[in-house]
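Hey, can you work out the whole structure from these sequences and the hints?
There are 2 protein chains.
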Amino acid sequence: MHEIFFRDQVRAEDRHAVREIVTSTAFFSASEVDVAEELVTERLAKGEESGYFFVFAETLERGPLGYACYGPTPCTESTHDLYWIAVHEEMRGQGLGRTLLAEVEARLRRGKGGKLIAETSSREQYAPTQRFYLSCGFSLEARIRDYYAPGEDILYFTKNIGPLERD
Amino acid sequence: MHEIFFRDQVRAEDRHAVREIVTSTAFFSASEVDVAEELVTERLAKGEESGYFFVFAETLERGPLGYACYGPTPCTESTHDLYWIAVHEEMRGQGLGRTLLAEVEARLRRGKGGKLIAETSSREQYAPTQRFYLSCGFSLEARIRDYYAPGEDILYFTKNIGPLERD
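For the record, the sequence lines run as chains A and B. Just so you know, we're using numbering that gives the first Met the number 0 here: the first sequence kicks off at 0 and counts up by one. Just so you know, we're using numbering that gives the first Met the number 0 here: the second sequence kicks off at 0 and counts up by one.
Warning: the hint list may mix true and false statements.
Label pairs and their in silico Cβ distance ranges [what the hints assert, rightly or not]:
hint: 1; chain 1: A; residue 1: Glu76; chain 2: B; residue 2: Arg108; range: 33 to 41 Å
hint: 2; chain 1: B; residue 1: Gly161; chain 2: A; residue 2: Ala29; range: 27 to 35 Å
hint: 3; chain 1: B; residue 1: Arg130; chain 2: A; residue 2: Cys74; range: 17 to 25 Å
hint: 4; chain 1: B; residue 1: Phe26; chain 2: A; residue 2: Glu2; range: 34 to 42 Å
hint: 5; chain 1: B; residue 1: Pro149; chain 2: A; residue 2: Leu139; range: 17 to 25 Å
hint: 6; chain 1: B; residue 1: Pro149; chain 2: A; residue 2: Gly136; range: 17 to 25 Å
hint: 7; chain 1: B; residue 1: Lys45; chain 2: A; residue 2: Gly62; range: 31 to 39 Å
To be clear about the criterion: a stretch of chain B counts as covered by chain A if any three or more of its residues have a C-beta under 8 Å from a C-beta of chain A, and this derived list gives those stretches [to be verified]:
hint: 8; stretch: 73–79
hint: 9; stretch: 102–110
Everything labelled a hint here was simulated from the structure, so no lab data went into it. Fair warning: this is a prediction, and the values are worked out from it, not measured in the lab. All C-beta atoms in this analysis are idealised placements derived from N, C-alpha and C, irrespective of residue type, glycine included.
Here it is as structure tokens:
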């Protein structure tokens, strides 16, 4: 595999890259793909004011192969939401999701740290997502029953990210 | 007391009324007052597309004395968020908050019903708010610790609103 770089700046062509990555997973609906792209558009229009921060994982040859989108939770001191994390189908199962999450955590740690929250559904379809968060050190901290639909709860996975110790 | 009317339409002058009601409670910060007004502005600009629905309680003489703002939770089948409920200080303790909440519930019931969620803080300052929701039939369904700040949790109070039975 070619060397992977991580990039925080967001470019106009990332709108297309994000659509392609998210679509390739065959996991998200058309309207969810639209939302994924909208967050990039919003970030391009408003910069950091948008509240959306990105980490892209890319190679020189192929461009972005995965990305995470996160941001400070409004009205909180140091809580952050993990809005999206997705890896292109062709990179599936190689640990890139885990590496992307570690990059997000490193960025929070270089700031003041805080609590990172990932929301997901209780549906069986999302069992791999739930296992992913648990295996990355998240805890299932809260659940609201029948949130998305009858029988489909929202699960809040959280992880405390300590700030980097400085000498 | 003069007769109270409930109104769903939103008018330009409600921006001022909402600021006045929310400020009078001495409960919200300046930035929270701004957010309260912004939701009215957003509703005026985008209509129901904004996702913000209002119920104003008013008298002919005084205009709005309290209001609730709620709306469908994005990506859910029938969950609704209660974004704001506030009563002017001069009407405090007369049951208007409870009546406003009943009006919101009546509107959900005339639709397809659903789950109504009210978020609040675990801080002692919000104990009256917490008691208000419990006394109105809400349950404390979920909590995320240290959400707003260290030691300050978010509490999710929820209530299931059944649809109106039709013959």
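Here is what the structure says about each hint:
1. Judged by the Cβ atoms, the range 33 to 41 Å given for Glu76/A and Arg108/B holds: they are separated by roughly 38 Å.
2. Look at Gly161/B against Ala29/A: about 32 Å separates their beta carbons, and that is inside 27 to 35 Å.
3. At roughly 22 Å, the beta-carbon separation of Arg130/B and Cys74/A lies within the given 17 to 25 Å, and the hint holds.
4. Restraint check, Phe26/B to Glu2/A: a C-beta distance of roughly 54 Å breaks the suggested window 34 to 42 Å.
5. Range check, Pro149/B to Leu139/A: about 21 Å between beta-carbon atoms, so the 17 to 25 Å window is met.
6. For Pro149/B and Gly136/A, the Cβ-Cβ distance of about 19 Å falls inside the hinted range of 17 to 25 Å, so the restraint holds.
7. The hinted window of 31 to 39 Å between Lys45/B and Gly62/A holds, with their beta carbons roughly 35 Å apart.
8. Using a Cβ-Cβ cut-off of 8 Å, 5 residues of the stretch 73–79 of chain B lie near chain A, which meets the minimum of three, so the contact claim holds.
9. With a threshold of 8 Å between beta carbons, the proposed coverage of the stretch 102–110 of chain B by chain A is violated, since 0 of its residues qualify and at least three are required.
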